[in-house]
Every structure is written in structure tokens, then in C-alpha cells.
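Peer 1: Protein sequence lines correspond, in order, to chains A and B. The first sequence begins at 1 in full-length UniProt numbering and counts up by one. The second sequence begins at 1 in full-length UniProt numbering and counts up by one.
Treat the hints with care, since some could be wrong.
If you want a taste of the chain A side facing chain B, the calculated C-beta under 10 Å gives, among others [claimed, not checked]:
| id | residue |
| --- | --- |
| 1 | Asn48 |
| 2 | Val51 |
| 3 | Lys53 |
| 4 | Val64 |
| 5 | Gln75 |
| 6 | Val84 |
| 7 | Ser100 |
Calculated directly from the structure, the hints in this document are not laboratory data. Cβ atoms here follow ideal geometry from the backbone N, Cα and C, with glycine treated the same way.
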Amino acid sequence: MASSSSSSAARDLQKDLEAKANDLSKIQKDISKNHQVRKKYTIQLGENELVLKELDLLNEDANVYKLIGPVLVKQDLAEANANVKKRIEYISAELKRLDSTVQDLEEKQNSKKEAIFKLQQRIQSLQAGKAKA
Amino acid sequence: MSNPVKGTVTSLSSLYSPEDAQKASIRVQETITEHQKNIQQLQTFLNENNTLINLVKKLPDKLNHDIMVPFGKAAFFPGKLIHTNEFMVLLGEGYYADRTSKQTVEILKRRGKDLESQIENLNGIIKDLKFEASFFDETATEAAEGIVEIREDYVEETPNEDKATTAGEDDFARILSRMEELEKEELENEELESEVAEEGEDLDTADLSHLMSRTSFETEVKSSEVEAKNEHSTSQISLRNDTQQDPKDSPAFPVSKDSYVKVPTLSGSEAPPRLVEHNKSKNSLPPTPVSKNEVSTLASSSSNDRSNASAIAPVSKEVSNHGSSSTNDSSKAFTGSIVERTHNIENNQKGQTPAPASKPVSRFKMQRR
Numbered sequence: 001m002a003s004s005s006s007s008s009a010a011r012d013l014q015k016d017l018e019a020k021a022n023d024l025s026k027i028q029k030d031i032s033k034n035h036q037v038r039k040k041y042t043i044q045l046g047e048n049e050l051v052l053k054e055l056d057l058l059n060e061d062a063n064v065y066k067l068i069g070p071v072l073v074k075q076d077l078a079e080a081n082a083n084v085k086k087r088i089e090y091i092s093a094e095l096k097r098l099d100s101t102v103q104d105l106e107e108k109q110n111s112k113k114e115a116i117f118k119l120q121q122r123i124q125s126l127q128a129g130k131a132k133a
Numbered sequence: 001m002s003n004p005v006k007g008t009v010t011s012l013s014s015l016y017s018p019e020d021a022q023k024a025s026i027r028v029q030e031t032i033t034e035h036q037k038n039i040q041q042l043q044t045f046l047n048e049n050n051t052l053i054n055l056v057k058k059l060p061d062k063l064n065h066d067i068m069v070p071f072g073k074a075a076f077f078p079g080k081l082i083h084t085n086e087f088m089v090l091l092g093e094g095y096y097a098d099r100t101s102k103q104t105v106e107i108l109k110r111r112g113k114d115l116e117s118q119i120e121n122l123n124g125i126i127k128d129l130k131f132e133a134s135f136f137d138e139t140a141t142e143a144a145e146g147i148v149e150i151r152e153d154y155v156e157e158t159p160n161e162d163k164a165t166t167a168g169e170d171d172f173a174r175i176l177s178r179m180e181e182l183e184k185e186e187l188e189n190e191e192l193e194s195e196v197a198e199e200g201e202d203l204d205t206a207d208l209s210h211l212m213s214r215t216s217f218e219t220e221v222k223s224s225e226v227e228a229k230n231e232h233s234t235s236q237i238s239l240r241n242d243t244q245q246d247p248k249d250s251p252a253f254p255v256s257k258d259s260y261v262k263v264p265t266l267s268g269s270e271a272p273p274r275l276v277e278h279n280k281s282k283n284s285l286p287p288t289p290v291s292k293n294e295v296s297t298l299a300s301s302s303s304n305d306r307s308n309a310s311a312i313a314p315v316s317k318e319v320s321n322h323g324s325s326s327t328n329d330s331s332k333a334f335t336g337s338i339v340e341r342t343h344n345i346e347n348n349q350k351g352q353t354p355a356p357a358s359k360p361v362s363r364f365k366m367q368r369r
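Can you make the complete structure from the sequences, with help from the hints?
Peer 2: This is the structure we're talking about:
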């Protein structure tokens with residue numbers, strides 16, 4: 001009786017552990033995805049800042065075009081400038097958001113890791129007790 | 001060792017297993033190669049950019065160029081490039097701008113600079129990473145070799161020693177600051193003193209010999225003023241010679257033992273102007289009676305200072321002794337700067353620490369005896 005109950009408890013723990021491990025791997029995937037997105041955004045931010053610099057250096061009467069799909073659309077310099085600035089703002093905000101989510105995820109990851117560690121310890125102690133008995 | 005065990009010995013391999021260290025170093029190496037790839041890519045961009053700059057510079061040389069125009073993926077047809085000074089430059093993010101050749105080249109150059117700075121950054125990162133990797137490698141080899149780490153608690157000795165060292169440092173700092181203060185005071189005193197002395201000495205050393213020397217050497221004083229100015233630049237050896245010669249030719253030699261040549265410790269450079277002043281005061285001003293006490297207190301305080309500020313003062317003093325005595329020359333020294341002060345100094349020497357700074361003085365006295 002006792003042994004069967006203990007084995008069933010061990011099995012429960014094992015199941016718990018597996019579920020937690022799955023969660024952890026999911027979180028880690030999310031984090032890596034987040035990192036990739038972040039990288040993309042940082043690159044875009046750099047490019048946008050370059051564009052803004054060049055636009056600032058252009059004369060007032062310079063012709064500026066924007067490639068939309070297959071066609072070049074003529075744009076006002078001021079308009080283009082404002083667009084780029086808006087884009088930079090957006091990307092910065094997005095980067096901040098991503099940072100916060102990454103932080104959240106990392107916290108979750110750490111707590112999950114701890115939980116898994118505790119579970120492993122419990123399983124080990126259980127097995128040790130079994131070996132004694 | 002009867003003492004309880006102070007330290008622990010742990011083998012380095014138990015702290016960092018060699019495999020782990022190796023793994024870490026390998027990981028760092030991987031990131032290094034990644035960065036190097038990035039650098040290579042940036043370098044190719046840079047090269048392309050440079051060739052593009054050259055092309056853009058060359059294009060407006062001709063009004064039109066005969067070219068083969070790509071048509072689809074495989075076909076070309078002959079064509080002509082016209083408007084060779086008009087460029088549509090991609091600024092990034094789908095923005096284009098109409099530019100001339102020159103303007104385009106400027107844009108491209110800016111881009112090149114950006115690329116260069118990026119490459120530099122990456123190179124710096126790689127340098128750091130390489131250092132890290134070498135560190136990991138070292139730990140790995142050390143762990144493999146079985147090097148042990150010995151740790152000893154430093155608790156027992158720390159409190160005392162810490163106190164001692166800090167106290168010592170505090171003391172030292174305090175002494176230094178005190179010394180600085182004293183030196184300042186000394187300088188001020190000396191200034192005061194010399195002024196007082198110039199006036200007071202007429203009182204103090206109003207003995208016959210002094211009068212004699214004054215009368216007989218007043219002419220020489222003027223000439224030696226000029227000499228003194230020259231002598232400032234000469235070496236100390238020559239100055240020393242002067243001092244040694246001084247007592248011989250000075251008729252003021254038989255001045256009472258107790259009086260000694262008052263040596264202004266101010267740098268010699270200040271001596272000539274003072275001398276002039278000094279002579280003037282002697283010639284024009286009647287000797288103003290200045291209380292002897294004042295002089296003596298000043299002198300004593302200055303000698304106190306000297307004893308306290310021993311470390312720095314003696315050196316400068318010795319130098320200035322020679323310098324000043326030479327600048328004053330024997331005659332000057334005895335016409336003007338004789339101050340009765342020895343009793344103070346002797347008191348000081350008896351009552352307080354033997355002033356190291358008084359050494360030059362005593363030597364001087366000995367010479368004169």
C-alpha cells in the first residue's frame with residue numbers, strides 16, 4: 001500500500017516536472033523569438049536614423065521619393081522627415097515594450113527553473129527513501 | 001602549526017571543472033567567429049561602397065555612356081546612359097532622393113564612415129572576447145594541471161593592521177598638512193622677520209664691528225648686487241665657494257660668537273631687491289627701534305617650524321643658505337643681516353627636538369669660530 005502510494009506520488013511529481021519543463025522550454029522559445037524581433041527593430045532604428053540624418057542634410061527643394069510597392073511616389077521633404085521621425089518614435093516605443101516583455105519572460109523563466117529544481121530534489125529524496133525501504 | 005587551520009585548500013578543478021572551462025572558452029570562440037563574419041560582411045560593404053564612389057565620380061565625366069542594358073535575367077540590349085549627373089539615391093527605408101554626382105559621393109562617403117566605425121566597434125568587441133577566451137583557456141589548463149587554490153581568512157590580522165595602517169596614514173596625512181601649514185607660517189614669518197630684522201638689526205647688532213663693516217663695505221654691496229644677480233644662475237658649487245671664502249675676508253669676523261649671520265630662507269631670487277631696499281632703509285631711515293622681543297619670538301617660531309617641518313625644510317634651507325649668503329656676499333651679510341638670535345635657537349635646541357634645520361646654521365657658526 002505504502003509503496004504503491006509513494007510510487008503514485010512519484011509519478012505525479014514526474015508528471016508535474018514534465019509539464020513544468022515544457023513550460024520552461026516554451027518560455028525560452030518566446031525569449032529567443034523576442035530577441036530576434038528586437039534585433040530586427042534595432043537594425044531598423046539605425047537605418048531610420050541614418051535616413052533622418054540624410055534628410056536633414058538635403059536642401060529644401062530636393063526631390064524625395066518613397067518606394068511604395070513597385071512605384072516611386074514623390075513626397076514632400078518635410079512630409080518625409082515627419083514620417084521618418086514618427087517611424088523612429090514608433091520603433092523606440094516598440095523596443096521599450098519588447099524590453100519589458102523580455103524582462104517579464106526572464107522572471108518567469110527563473111521562477112520556473114527554481115520550481116523545477118525543487119521538484120527534482122523532491123523526486124531524488126523520494127527515490128532515496130525508496131532505496132532505503 | 002598549533003593554530004587552528006586558517007585556510008582551505010581547494011583544487012581548482014573542483015571549482016571549475018576543466019570541461020566546463022573548455023566549453024566556456026569554446027562558446028566565446030564561437031561568438032568571436034560570428035563577429036568576425038560580421039566584420040567581413042561589413043568590409044565587403046565598405047569595398048563595394050568605395051567602388052561605387054569611384055563609379056559615381058566617373059559617370060558625369062561624359063555626357064552619355066554606351067552600355068548594355070539588362071533585360072530580364074539573361075538578355076541584354078545595347079543602350080545609352082544619359083543624364084549622367086542625375087542620381088536617385090536610396091537613403092534607406094524606401095526613401096529616395098534626387099542627387100547630383102557630387103552630393104551622391106558625399107552621401108556615400110558618410111555611409112563609408114559609418115561602416116568603418118561599425119567595424120572598429122566590432123574589432124574592439126573581438127579584442128575583449130579574445131582576452132576572455134584566453135582567460136577561460138588558462139583556467140581550463142590550470143584546472144587540468146591540478147593547481148590548487150589556497151584560501152586563508154584574513155580576519156585575525158585585519159582589524160589591528162587596518163587600524164594601524166589607517167592610523168599611520170592618518171598620521172602621515174596630518175603631519176603633511178601640518179608641515180604645509182608650518183611652512184606657510186614660516187614663509188610669512190620669515191618675510192616679517194626679514195623686514196623686522198632689516199630694521200631691527202640696526203638695533204640688535206649695533207656694535208662697533210657692525211658699524212665698521214657697514215661703513216667699509218657699503219660700496220662693495222652695490223657691486224655685489226650686480227654679482228648676485230649673475231650668481232643666481234650659477235651652480236651651487238660656486239655658491240658654496242663663496243660662502244667658504246666669506247668669513248676670511250669679512251672684517252666682521254670678530255663679531256661676538258653669539259650672533260650669527262641671519263640667513264633669509266626665502267629663495268635667493270628675492271634677495272637682490274630686498275638688498276636694495278635694505279640699503280636704502282639704512283641710508284635714509286634712521287634705525288627704528290623695533291622691540292627685540294618681537295624679533296626673537298618670530299625667530300623662535302620659525303625655528304620651531306623648522307624642527308617640525310624637518311623633512312622638506314632642511315634641503316631647501318641648505319640651498320638657500322648657500323644661495324642667500326652668496327648673494328648677500330660676505331660684506332652684505334655683515335653689513336645688513338646680522339641678527340642676534342642665537343640664544344633663541346639654543347633654547348629651542350635644548351627645549352625641543354634638535355632641529356635638523358639648524359644643522360646648516362651650526363655648521364656655519366663653526367666655520368666662523
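Peer 1: Evaluate each hint against the coordinates.
Peer 2: Okay, the hints, checked on the actual structure:
no. : hint   : result
1   : Asn48  : holds, 6 Å
2   : Val51  : holds, 4 Å
3   : Lys53  : holds, 8 Å
4   : Val64  : holds, 5 Å
5   : Gln75  : holds, 8 Å
6   : Val84  : holds, 7 Å
7   : Ser100 : violated, 26 Å
In terms of the numbered hints stated before, the structure departs from hint 7 and from no other.
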